[in-house]
Structures are given as structure tokens and as C-alpha cells.
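All chains, please: the whole structure from these sequences, using the hints.
Chains as they are written, first to last, in our numbering: chain A, 1 to 400; chain B, 401 to 800; chain C, 801 to 1175; chain D, 1176 to 1550.
Hints are computed from structural coordinates only; laboratory data are not their basis. Among the clues, some could well be false.
To be verified - Straight-line Cα separation of at most 27 Å, DSS-like style, residue types lysine-lysine; simulated pairs:
1) K1066(C) <-> K187(A)
2) K829(C) <-> K1434(D)
3) K587(B) <-> K1204(D)
4) K453(B) <-> K587(B)
5) K1066(C) <-> K1204(D)
6) K515(B) <-> K453(B)
7) K520(B) <-> K453(B)
8) K1437(D) <-> K400(A)
9) K187(A) <-> K1059(C)
10) K515(B) <-> K400(A)
11) K400(A) <-> K1434(D)
12) K187(A) <-> K330(A)
13) K800(B) <-> K730(B)
14) K800(B) <-> K1066(C)
15) K587(B) <-> K800(B)
16) K400(A) <-> K330(A)
17) K1434(D) <-> K587(B)
18) K1066(C) <-> K330(A)
Stated by the list, open to error - Pair by pair, the computed Cβ-Cβ distance ranges are:
19) A417(B) <-> S1208(D): 28 to 38 Å
20) L647(B) <-> G143(A): 38 to 48 Å
21) D1384(D) <-> G677(B): 44 to 54 Å
22) H394(A) <-> S1208(D): 25 to 35 Å
23) E1056(C) <-> E49(A): 42 to 52 Å
24) D974(C) <-> G282(A): 10 to 20 Å
25) K400(A) <-> A709(B): 34 to 44 Å
Cβ atoms here follow ideal geometry from the backbone N, Cα and C, with glycine treated the same way.
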Amino acid sequence: MSTSEQQLQEFRAEVSAWLQANNPPDPGFLLPQTFMEVGDERQLDFLREWQHKVWSAGYLGMAWPREYGGGGMDPAFQSVVDQEMRRHNVPICFNVIGLGWAGPLIKDIGTHEQKARYLKNILSAEDIWCQGFSEPEHGSDLGNAQTRAVRDGDEYVINGQKIWTTMGNFARYMILLARTNPEAERKYDGLSFFLSPMDVPGVDTRPIRKITGEYGFTETFFTDARIPADCLMGEEGEGWRIAMQTLQYERGAEAGAAGGLSMIRVTVDDMIQGLQGVRRDGEPVLRDPVVRDQVVRAIMEEKAMVLGARRAGVGPLTTDYPGSLPLSSKLRLSESTRRMRQLAINLQGAEGGLYVGDAQARQGGFWQRAYFNSFSATIGGGTSQVQANIVAEHILGLPK
Amino acid sequence: MSTSEQQLQEFRAEVSAWLQANNPPDPGFLLPQTFMEVGDERQLDFLREWQHKVWSAGYLGMAWPREYGGGGMDPAFQSVVDQEMRRHNVPICFNVIGLGWAGPLIKDIGTHEQKARYLKNILSAEDIWCQGFSEPEHGSDLGNAQTRAVRDGDEYVINGQKIWTTMGNFARYMILLARTNPEAERKYDGLSFFLSPMDVPGVDTRPIRKITGEYGFTETFFTDARIPADCLMGEEGEGWRIAMQTLQYERGAEAGAAGGLSMIRVTVDDMIQGLQGVRRDGEPVLRDPVVRDQVVRAIMEEKAMVLGARRAGVGPLTTDYPGSLPLSSKLRLSESTRRMRQLAINLQGAEGGLYVGDAQARQGGFWQRAYFNSFSATIGGGTSQVQANIVAEHILGLPK
Amino acid sequence: MTVLGNTALSFTEEQAMLLDVARDFCRDKSPLSTVREHLESGPGFDAGLWREIAELGWCGISLPESCGGSGLGVGALVPVLEAMGRAMLTTPLLSTALAGQLLLRAAGQERAESWLADIAAGSAATVAWLEGGDWGDPAIHSTVDAGGALSGQKRFVVDAGVAALILVPVMQGDEPALALLRRENLPDGALTPNVLIDQTRRSANLHLDGISVDPADIVTGPQVERALADTRLLGALLVAAEAAGSAGACLDTVVEYLKTRKQFGKLIGSYQALKHPCVDILLGLDDARSFIYHAATLVHDGPLDADAEIACRMAKAQACEVLSYAGDRAVQFHGGMGFTWECDAQLYIRRAQWSQQQFGDPQHHRKRLATLLLD
Amino acid sequence: MTVLGNTALSFTEEQAMLLDVARDFCRDKSPLSTVREHLESGPGFDAGLWREIAELGWCGISLPESCGGSGLGVGALVPVLEAMGRAMLTTPLLSTALAGQLLLRAAGQERAESWLADIAAGSAATVAWLEGGDWGDPAIHSTVDAGGALSGQKRFVVDAGVAALILVPVMQGDEPALALLRRENLPDGALTPNVLIDQTRRSANLHLDGISVDPADIVTGPQVERALADTRLLGALLVAAEAAGSAGACLDTVVEYLKTRKQFGKLIGSYQALKHPCVDILLGLDDARSFIYHAATLVHDGPLDADAEIACRMAKAQACEVLSYAGDRAVQFHGGMGFTWECDAQLYIRRAQWSQQQFGDPQHHRKRLATLLLD
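This is the structure we're talking about:
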């Protein structure tokens, strides 16, 4: 299925017009930048309505099969939508675990029943999904997950504890990594993958209050929770492989995800914009030579990432350290983001001491909260320290 | 033996006058900043003459016993001399291993014969001493030294290889750490300590060319070299303890060293002075705001070290992390020095590309060479990375 | 001459005693659990504890004995603030001590005696330093007229909600003056509380329009400007002392975690990627403590000289730099835990952000230092 | 609009072929052992190798076909310089290519045709950019009079000792001009060789007093100033390309050592204190390569636009920053070996110092970038 540039261009204009007309007005409370920041029902309702509207207009799951609520189209259309959403600065499509992890997996390896049951409701935001990979004792060491799943007739009995469950308190389903065979020789081979309902007895969630003061994650406790045996995806023991497979979809519509804007990128433009009016030593802060040096460094960090993504597509320019650009992108992006947000506060002068909730806080305390939230990316999904090990070992071949 | 402030003050004036009168004129070639930089006979002869002159005037080994060439005085006098030498910017007393390591050790635990034979000649620079601790395969891991010393009648037979022997090609004696018992349970317990002559058959040195392009170290090869058995200090197996004891003397005259200026400290004042006349963007370089920020940081690093040394003497202000200031001083000083010297080159503009030997190089290429030489301190005596481990484990109690 | 200048560092027996007492007091009376109880409501501290502090005489440490103080000089506040910073205990002590210094320097001991006596006895006070966010712009736009009527606005007035006395820098004609504003004369709505990133703190905006002071409560004279400048430097020093204390506690917290938490089968403190940054914090902290006690050695009751100014600025730059780094790393090194409210790392990273913005951030001070040292 | 501006990055088949050929050529013809043979004597490179390079046509890559060049544009030099930097192979190629660009831009293809043909054929040339150490001060003080008599002094003229043609920016009255100085007309003593920190390089001071050029060999006109400015930017880019190549080789050298050297019973590459800085170098290098190929995409034969200027400056700032860091760490991470002449780390740390000071250091470029991006 090949789509002409011409078709895409016309489509882009159509989407752009729709977004312009339908971008919801400021609701009067801070909207989440990422799905990990959905802290209360008010935000939830708002985002659910927005996602439903986007899907109803035909702009979500465009490459998914029509019979399961998708559009059956070339993924290139969805990519156009995603780009335009970013450009129009609309709210996120917040059901990210459904749209980007569980959904594509079910679409690719699920049964017809599973597809019929789950896919449309993921797109419409009817069912919210969450992810149960991390455990309290094994933050950086996923393969070591200890939550147990024991087969008992037509059911699995789940016991254990997950943590950092984004929207765990709102979700109807969880993609769950649990240990079916504690005796397996390789720890990875003892894991299995489940589409696990959250509304069965024995599943309890406890909201985790974040460093920002807000909510967004839960701890999830399983106490003899019984789930149907057909919740198992693939075979027992294939959990690690399937979990890794879900990570592939993250790269967007072309990789199989339903698409939709998954996070509001905060850019150095936003920082520069946000510093308008700030003064240092009686002058605009961006006139200060030391500040200028710092801001140029931040611009260069961001520009290097954009250019790096382009260079990664040029074969002859990636032969030195093959795979280096994609494998380091999480480390690079998350650390650069943290530094930039910290800089943005540092440059605010005394106003940098204010916080979300203060009427005079610059942009409602956006940067203060954004700096704190940036740690979710430098810690979650493998800390930066672990990421650096991975890059060193896989790209440079340094010993473990 | 207590000396009054009054006495010291009078003495200071006397020393100052002597130094003023006797500070040798610029010889027309670059003089070493440290004893590790003595690269040729010309420098050697010059420094030998200078040390002999200082000793003849009674200003070296002032606290050592009179019968062995010393002055038999309160070490406070020597400290005054050392301070004044620094202030008058005179050449170094270069026989550092003799004055600060071997000499005090012999003075403290040597026999009368050893004292008579070695001490005066150390002070007068008649005998140059070197140190044989490091080996090629165990740069950071001294306790693992493998050079063998086997007792054979009245002699020990030495086989093995030492490296980074400062002035190995000029020295008459070496303090040598060698393994007498390879079977010892703890590797440290197999080591012994020798005052080993360099002029016996089977001892060969090969000059090592440094990163600066100059010489100053040798490799030292022992091939069935036979040394008298009475070269052994202490007992067999006490080598590690004795080697550690020599490190104690490094802290100057008060700790037992003969004294004398052991290295020319390069300070941030020197850097500022050295940047006079350098221009950046058409203005004096020290008017550039980003440069000013960097230079202030360098000043603060240096000032913090001076203040830290003072604070280390105030008991109630060292209880938080006892021992932290002295134990981290090598790490702090060597890294700060490296950074400052690198900065000094960076700020030179195109002149920073010149090197020693260029008639127009700023201060004869002093900073370029000084930057390269700074690695001798960040690597030698335990790399900065190993030093950081030591501080983390001993002061913070972090696990190995 | 060397650019290092004055390198004096001394520590009196009184300072040693204060450090000792303050540490014990804070440890016993204000564990972090207590600090946390006050984060989200009320004045941010325990009123009873504040009374105890007043009874210990800390409010008057640096005030003359004739006013009921101990006459130990402002340098004696440094160990106390460091100890309080270590415990993350705030109270209005810092504001009150600074207000005392400003009064003493601007009005003189004689004229300010009754005010100072109140302060020494534990009556909280503060100074309304800022009209905008820029510590580098000391211009005052608020005014007072001959009848004592104030106009203008002040921002970020720390502890304004509990201070019995607010010292308000204002212009009287072309001259800076100090209006002594009694809390009891504040109309409703004059204060708008701020929401601060450091939840152990409280500050407020102060709306001056419509407020008057007794003309007798306006301090004028050529010494006011100098008093303001010097007291700002003392503010930088005291915040630095407090920040150094907090950085030490933050380091302890991280180290404790790294000694007990395992990942991949090893104590995470054995990984150099976590271990070496802890050493960086330790070294930075050691430097900060050296600077603050050096500054404590050089500040005194008279006008501050250039050495003292250099020392205060270096102390502030270094202490806030290390606390910012320590707070940031504390969150990161706690992993997922570090991202929670429950983890104490949040207290330190928030304190770091607030402290660096008080009395000028490290870049601000290095800029001033460049002028003092290089020109 | 975004401050990121133009983010184009393309790579032609010709560039790919050149990269491939240049890498193979450098690897085969110029191992480090060969580079080392030329460090301390002679012109710093092998004359035979330079002839081979000329025969490969690299001197004319960016010159018009009518002059014997390949007409591939200056962006095609970037992969070649990167490959040469990786091998630490110098030769006068960089100087010669820049001289060609300056001639083309200042004199135009027609007027400079015979000079350009010489260059394309492998006749070395260079530009006398500097009169002092300050890249931020483009003022020219050397002069030429109507009769062609030169006066003044130039410093750090790279490859002056082997260039058949030296382009000398001079003032003719109030206008900048370019004197084309033939090597054969240089009197004895006109050149004083420099001693450089990077021993793969050669440069010299050029004393102009008493030297004349044929008035026909003076290029004047309003385009000269722009040509000088643009060619400086191209110089920054080509040095950046070379520096990125050297940084890559430096990283390889360190990594290789860390994979084989043991201390305390472990391969030292397993220590995070060494491993993670290598990742920092890798990431910095990846960024540098992205910037240089972005800049290579934007530069062309006409006057450079703001996008191209931004790209060249970012490339230079990033490449030299990472090479300085890599060279410094390479010495440190080799331990005692790193402190020796014998260890290749010395080649990279020296190259780093030289490169950063060519055409302005990273701070210089960030300052210019601030003006381009923030004002």
C-alpha cells in the first residue's frame, strides 16, 4: 500500500483544519504533558473525551484493521496526524499503554476474540490500560520480576506486587509480566505475559504521590487474584520476549502503534519563550553573556538530537558505531531534558522559588514541575546509569 | 624544644635576605617545576649545585641530627625556610626521594651505619635517590608488586621490573619494594623494603619519554642483580608497612622530611598573570564575561583548598566526615590543577597552539607543558578514579 | 599579592558550643517526620519550637548585650543556621536575625534598642527585600511620603505571615529609607501568600498602597544604603550556611540508601556511577563549609570590607552549587523511590531550588566576584 | 518558528564514495607509525603521499570543473577531512582547499582560473589569516600600497613552508584586499617557523615588510570582505570535520585499551568511572558528526546564509569540545602509559589543543551563535 506525497499533503491540510477547529480550549487547570501525569479525575475525563473525539473523527488507529475500530490505512497517514497534533499543540492521546503497547501486540499476536474485545475500546478510550513490569525490589532489573502466576484449572492465581503503574487506579486492564516458572535456568525463561483485568478481587492499587506533589502512579498488589487462563499471551515462558516486543511499538505508527500524540515535548523554544520578561542584573536575562552561553548549549543539545535522527537514516554515516544513535537516544533525550528544565528554573531568579499553585509563578510553575517530572525519564525504563552501561557494552563493546 | 614566635620571625628575615641574595639567575633553559621533570644533565647539574648551596648555608635538613649533616633544630625553622623558598620562587630542592622518603625513614629506623652512610649525602645532593614501587602491570595496585628478591647468603638476588622511576638514570640508590615471599597469604605480607644500590651489575635503566616530549622517568630492569643483604630495612615481610610509613613523611618538615622546596606550585595568580595581554574578541581576555566566570571558579577552587587546610585544623569543624579533608586532598589538588592548566591554555587563543621551543609561545610554552605534566599527579600515586574509590569507601563508608 | 586574598579561618569556643547545642537540639526536636508535618499547612514550623529557640537566645546571638542579645557577632549565627539546615528546620530565625542586623546597621543600637530587644526576646521580624525576581537590581521603587504613607509592592517577603515587624526599604525622595511596619498595622489583604517550591518555607507579596507608618518609624540617613547592601551579603552567608547543612544531610541520605539498596545482586553503592558523584558532593560540601566558616570569621558588626564581601559571595555560590547538585543526584540515585513524595530526596531538591534563588544565585555572585577580584 | 531553524541533513553518493575511498586510503597509506615518523622533522607529512592525494583529485573536489576540479562543492571535503582526521594524516590539503575557496569567492572563477587550476592539480596553497592570537578580531593591519609593496606581519600561517601560493589579507587604503604571494618571491627569512603543540602540523610567522607583489596579483573589490568571512566559516567546518575524525580514533584507542588492560584483577573497561565517560565521548562525537554533515549539507559555492553560518559554528564548537574531552580522558584512562610519548593518547590531546584554537574556540562560536539565535 503506497501513498503518494500528493495524497499525504492534501490529507495534512485536512487534518490541520480539523485540529484548528477542534483543539479544546484551556480547561483552566494544568493538563498533563505525558500520560504519567494524569493525577485526577478532572484531567482524566478531559483527556478521555478528547481521545474519543480524535478517534471518532478517524484520526487514531488509522493503520489498524477496520473491523476492530481502526482505519485500515497506510501508517503514513497516522504519522501525518501525529506530526500535526504536535504542531497544533493539542492535548495528548493519553491511553498510551493501550495505544502503543498492548494494542499493537494484541493486533499482531492476539486471537480474533482478543482483538474484538480490546482494540476498539483502546482507541475510543473506553478501556484504559496500564503496565505491570516493574517491582519494588527490581527497579532497573526487569528480568528479575518475582510476581508469581500459578495455573489453577482455567485460571491463573497471581500474587505479588508491581510498582510505578501509571494510571493503575484508572485502568481496566494491565499488561502483566509474572513468573510462571521460578525454577527456570535463565531467569528470563520463567516469565509469562498476561492481559490482566484490574477489576477482579485481590487486585488493589495504592496511589503513589510523586515528587511534584501530584499523583499519577500506583503500587499494585496482587493477593490470590484469579484471572482467566486465556489472559496469557503466547506461551508460558515467552514473557520476556513478548515484553521486549512491546517496546518495539513505541516508535510510533510505522512500528505498529495506534498513533496519537503521546507526550507534549518541551523544547528549548518553550524555555526561551518562558524567559521573556525575566531580568538579571537589571537587563533581560537573555542578554547576560554567561546565560547566553548556557542557552546556546541547550539549543545545540536539542538540535543535535533532531540532526542525529536524520543522520541515523543515512547508512554510510552510521558505520562507525552502528546502532549508537537509536540505542543512546533515551539516555540523551532524558538527560538533556533534565538539564534544560533545571536551567529554565535557574534562570528565573527569585521567581524560580515559586511553585505550581502560585498565581504569579511563571507559566503556572510549569518548569518547576517539569524539572521534577523529568526524573521519570532519567529513572524509569532503566536509569541513565544503566542506560550508559548498555550503550558502553553494546556499542563500544566494553566489558560488563 | 619550643621556639618563640619572635625567634622565628627574626629567622624568617635572615632566610629571606639570604634567598634574595642567592636566588640563582635564570639559566636560560626551563627549570623543572617538580623533581619528575628533571630531564637532562644540564638541569641536573644546576639543581645539584643549588641544593648543595642551600644545605651548605644550613637551610636544609635543619631538624635532622647534626652528626649526620643536619641542623639539630626545631622543625619550625625548616618550615619557615620552605615557606620563604616558595615566596621567593627559588628553584626546587630536587633530591626529593632522598629528602622526603628515604632520608627520614633511615633517620627513624636505620642503623647508625646506614645513617652515617646515607643521610649527609642526601642533603648535599651527593647521592641522588629514586623510588622503585610501581611495576608495569600494577600501576594502581602497588600491593601486587611482583619484583622478586631472593636471599642468597649475604646477598639478595633481585629480578623484575620497575617503572616510573623518577631520575632512575641519575640515581645512586633506590628504595625498592620487592617480593621476598610469594607464598604469603595476604599479598601485602610477602613484600620487603630495600635500600638498593643502582650501580651493581644487572640493574639497567631505560629512559621513558614523556607526553611532553621530555625525559624524567625510567624503566628499571633487574636481572639477577645482587645487593648486600644489609640493604633490607626492617624485617622481611614488613615492606608494605614501611612503604606506607614513607608516605607519612611527605607532609613536610614537621612530619620528619628534610624539607626544602619540593615543587613549584602553579597558582591561579600565575594563570591570571600569564593572560595579561591576551585578547578575545578585540578586548582583554579577562574582560570576557564567560571567561570571568571560569576564572572565578578556578580562584574559588584554589581558595577552597587553602581554607580547607585551615579548617582541617579546627576540630569541631571536621566531625561530619572526619578525615575527609586530608584524604581527599590529593584528588582535589591534582584534578583542580589539571583543570586550571587546561583553562589557561584554552584562554590563550591561537597562541595556545604553540609549544615549548617557540620563541613567541606565551611564557615559553609553560602552560602547555604544565597541562601535560599535570597528569603525572592525576595518574601517579593512585589515579583520580582510584582516589575517588578510596574517599568513597573510607570517608563515606560506601561498599567496595 | 595573591588573588586569594584573605584566607583567615577561626572558630571560637562560643561558635563551637553553639554548633554542638544546635545540632543536638535540632536532632532531638525536629526529625524529618516533624518537618514533614508542617509542609502543607500553617506557618511551616512548630510555634512551640520557635519559642524554645527564642528561649535558647538564638534570636539575639548577634545583637548587642545591651539589647538583650549575646553580642557574639553575626558569625556566631553560622553554626546555628548550618545545624538547622541539616535538620531542614526552618522557623523565622534567619529572617529575624537579618532584620536585626539591618536595624542595627541602619538605625543604630541606640535608636533601635526597643525593636532589637523585642527581636532578641524572640519576636519574629523580616525584611522585604525584593520588588521583582532580580537580585542583581537593587533599585527600590516603593516610596514613603513625609506623612508616612507607603506605596508600591514587595514580593517574596519571607516569613511575612508571622513577623511582628517588617522592615520595608522604600524611597523617601531620592534617598533610600527603611519603613518599620508593625504587623498589627497591616490591613487585611496586604499580604498575598506565595506557593513555594520549598514547602518548609513561607513567603508573601506585600501590597503597600494604603498603608502608613508613623513617621517616627522611618529610618533615614546616608548609612541606610550601606546597611542594606551589607545585610544582603549577610543574608547570602546565612542562606549558604543553611544550604551547606542541608547538603550534608542530603549526602547522608543518599549514602545511607546506597549502602542498603541492592540491584543486580550488588549494593548499588558499589557502582562507581553512583559512588563517584557522592565523592563530588562530599568535596563540594567540604569546600562550602570552608567558605562559610571563612566568611563567618570575617563578618562583624561594622561595615563589611571587601574581604568579607568576597567571602560571603563565595560561600553562597559554593553552598548553593553543591546543594543543587546533591538534591538533583539524590532524586536520581534513589531510583523510582526518588520520584516519590515519600522519599526525603524531594525535600532537598526543593530546598536547593529555593536557596539558590535567595540573595542571588551562584552565577550572580561569581559575576560580582569577578569585579572584586579581576578588575 | 523554532530556534532550531534549518535541520536539513543529506549525503550524496559522491560524498559516500569519497568517505569510503578516503578511509581506505588513509588506513592503508598512513598508519600512526607513519604519522609518527614525521612528527619531529621536515614538513610533517610524506611528500609522496601528498602527490597521491593530488592525483586522487582531492585538492580540486570543491573547485569548478572548468578549473580542473570536480565541482562537488565544499561539502564534499567534509568526509575526506573526517577520514584524514581519523588517521591523523595532515598534508596541506585543508589549507589548500581553503585557499581555493577564498580565491574562488574573492577573485571569481574567471580571474582566478590559472591559480585554481594549479591548486586543483595539487599545488599547495594557504591563507595568512591571523596577525595576533584573537580569532574574534578580524581587523587587518597589514597593508599593500599601489605599487604592490606589502608591510606588516602575519602569524600562525599553516603550511606556509610548503605552500606555492600564500593568500595574504591586507588593507589597500580602507578596503580589504587579497595579495597573492608566490612562494618563489619570498625572501629568505620571511618565514619564521612556529613550534606547535600538534606535531603533525606546521605553521610559520610571515614577515611582510620588504616584500612586493605584482599589482596584478592583488584582488580587490567589495566581495573580498564577505569572501574572507565565509571562508573562515568553511575553515571552522573543515577543522571540525577533521577534529570529529580524530575524536573517533581517540575513542577507539581508549576503548581498545580498556578492553585489554587489567587492574585489581578486572578489565578496567568494566569500571563505570572509565566506561561512562567513554559513553559521554561517544554521544558528543555522534552530535559532532551530525553537526558537521548538517553543515556540509548547507554550505555551497555562493555566499553563505545564516543557516550555514549557524551550522558551521555549531560543528566547530561541538567537534572541538568533544575532542578536547576525549584527548584529556585518553591520557588519563591509559594510566601511566598515557603519560608517555609512546602512547597514542598524546597525539590526540595535542591535536585537540591545536584544533580548538583554529578559527575560534567553542566559546567564541557559542558567543556568535547567541547573537545569531537569540537577538
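Indices of hints not satisfied (ascending): Violated hints (numbers, rising): 2, 3, 4, 5, 10, 19, 21; every other hint is consistent with the structure.
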